[in-house]
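Peer 1: Below, each chain spelled out in residue letters.
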Amino acid sequence: MNDKRVIRVALAGNPNTGKTTVFNALTGARQKTGNYAGVTVEKREGRRSYNAIEFIIYDLPGTYSLTAYSLDEVVARDFILEEKPDVIIDVLDATNIERNLYLFLQLQELGIPMVGAVNIADQAEAMGIKIDLKKLSALLGCPLTRTVGTRGVGTEELLDAVIAASDKPVAASRRISYGSELETEIELLTRELSADPAFAANYAPRWIAIKLLEKDENVHEKLAGCTNAESIDKKAAACIRAIETHFGRDAEIVVSEQRYAYVHGLTAESVTRNAAGSVQVIEQIDGFLMNRVLGLPLFLLIMWTIFQVTFKFGRYATDLLNLAFAQLTVLIAAAIPAGILHSLLIDGIIGGLAGVLSFVPQIAILFLCISILEDTGYMARAAFIMDKFLHLFGLHGQSFVPLMLGFGCSVPAIMAARTLKSPRDRIITVLVTPFMTCGAKLVVLVFLAGTFFGKNEGTYVMIIYLIGGVLGFLSSLVLSKTVLRGELTPFVMELPPYRMPTARGIAWHVVDKTGRYLKKAGTVLLAASILIWAMVSFPQPPHEAGRPDTHLQAGEDLSYSIAGRLGKAIEPLVRPLGFDWKIAISAVTGFAAKEAVVSTLGVLYKVGSRADRKGTSIKAALLADKTFNPLVAFVLMLFTLIVPPCIAALSIIRAEIGWKWLAFSVTYLLSLAWLLCFATYQVGRAAGWGI
Amino acid sequence: MEKTVSLASLKKGEHFRINRVTHAREVGKKLADMGFTRGTPGVVVRSALLHDPIEIRILGYNVSIRRAEAAGISVDRILPDAPVKSPKGKG
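Chain order of the listed sequences is W and H.
Here the first sequence stands for residues 1 to 691, where the numbers follow this note's numbering.
Here the second sequence stands for residues 1001 to 1091, where the numbers follow this note's numbering.
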């Protein structure tokens, strides 16, 4: 069984070509996902048995070209160069054949057998675009097949073509001509590179030569492995000078122009077009959705709907989950006597699990919405509408979705930042998202404002929201000018035609994202929840047996625990902000979940109070306390806003952008929170605000 | 009638033929990769609410670029119909 023939296939193509639908049609359910080594670019891999051959299909990131500027492009070409798949399938969008052939020609230069899958052929034909596949295939020197990925049309023909291609050596005739001026230089460099047979066997010398003319820095580094690297380097510089003198333009641009010129030559012979009827449909939809007057309200309506659906429906599902967990708790409580094991199971493990799972409905619903937006093509339009405003603050048009979701919950919001392609944009967006006041922080704000500001409750909560927004945008502005300065990333973004998403593609997206959350963040979150439970529960003060459980005791227990001691230990640090050790402890427990700030304050301040009714009694206790006054309450609201988010959000930050940025985020938020609260409290006290 | 201007100065609905991309490195290469090469015809579809970015139709697809990027693309204004359907076969 194991000696079955295996063909390793890399699936390449432009974004928005229906590459994913072709991948799904090829592999069915036999897929797994991961990341490419060392980077956060998604890697999908699938298998298919056909004609007694086992196909392993690697889905490369969708790219327009193979430059060193974009992470996706580097990942795609390095995969081909280093892993050397047996065949490359390039999915070509028939409605847009020129730009797709541009990538095809670059893939061909990597020296691996290729097959072109001309996809969305049905739509192209409806648009009056007719591609003579036989002729184009002959011109390219590569087999082409017609596919309609959404309906699985042409899958077997594609696999047949892959088998045939894998048997045949790459024909020398299939190389393109860059015109005599460039060819002279390319041939010169190719000859030099071929002088080192080991290097030439590893990397196609002609491809390296072309990349050197394009001033590609990654290829320049690869050149170090070549014996006569230094002389080639010098010759390449001379070649570039010669080209730039001749054409009067940058060499990297000339190479692109010559490649496109070749593409235009190909299509002139093999593609015919009638009057483009269908283009008008796109224009009609866009005329409505991107209208100057209606565009923004429609955009806001769509975003509002997503927000409501994600968090409202998410809440129902979470409530159901909590009901199930409550049942489980009752069962366990009946089976296990009160004690440490009881508490560990109920408060530690079940509490933690419930915490982890409570995000699942939100994440699933959110990614359902996001994948519909992406697959239909609206996401790019949303970025187009919002880009100018967000760009002022160093953000990207697509940062809007994560930032907006941040007002509901940071966990799905940070995951939504995945839609951003450039790592720099993604990191800034993730770092800034916690400034958007989430639903759990709102609970704390409303509680404090309701207690201390009476009628003006709403105004003060609003002020905190506004401060959050201002701090978020200012932070992104500062970050984009300092830590994440980087080069200007071009905002050259395709606005793809509107397409009907497939149920299967969306379902896959939802399952994949939810699974990723559970695997990458869920495990850390569960461990952290148990750790926090232990910190709050241990050590326990020596109790007299059988003493009734009172608030007095709960307060004593908490202040005796590690969390309590930690709170007391950091009291000197928060004194200048007007906080005492009780507030400090609540800030510590707030890491478990922001709502915990309220319940912790309740437990600590109700020490000695007999009242059992929640809410009013905590309020009364706070109002009676000497530490608290409206100024301290406001500073605590500000503190809650800025301080690092809960452990769930922190785990997802780590999963999305890594430990280093997590450490940066925590340090940044802690320092900013302290400084601003310090300034507010000291100025406020001096001015006599609210005292 | 052909006059070389910056793409950023064109209005909605105006047709053009690309003369040259003056950006180099990442921005210039990205534009060239996306089809902004000498001789390629296109049309300005719209600009966003705040005047920026702009949407261009080129090589049969729509693409959004910021005005700062469009400012580095010099183009010749052309009439909507006549020369657009060049031998390169684009409409």
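Keep in mind that the hints were calculated from the coordinates and are not lab data.
Incorrect hints may have been included.
Once the Cα atoms are required to be at most 27 angstroms apart in a straight line, the calculated DSS-like pairs of lysine-lysine come out as [to be verified]: (1) W:K519 <-> W:K660; (2) W:K312 <-> W:K520; (3) H:K1012 <-> W:K388; (4) H:K1011 <-> W:K388; (5) W:K4 <-> W:K32; (6) W:K84 <-> W:K43.
Peer 1: Now tell me if each hint is right for this structure.
Peer 2: Against the structure, the hints come out as follows:
1. For the hint linking K519 (chain W) to K660 (chain W), the alpha-carbon distance of about 20 angstroms falls within 27 angstroms, and the restraint holds.
2. Our distance criterion of 27 angstroms between C-alpha atoms is met by K312 (chain W) and K520 (chain W), whose separation comes to about 25 angstroms.
3. Between K1012 (chain H) and K388 (chain W), the direct Cα distance comes to roughly 18 angstroms. Compliance with the 27 angstroms bound is thereby established for this hinted pair.
4. At most 27 angstroms may separate the alpha-carbon atoms for a hinted pair to count; K1011 (chain H) and K388 (chain W) meet this at roughly 18 angstroms.
5. Annotation: proposed proximity of K4 (chain W) to K32 (chain W) holds, straight-line Cα distance about 21 angstroms (limit 27 angstroms).
6. A hinted pair counts as satisfied when its Cα atoms are at most 27 angstroms apart, and K84 (chain W) with K43 (chain W) qualifies at roughly 16 angstroms.
Hint check: no violations occur; every hint is consistent with the structure.
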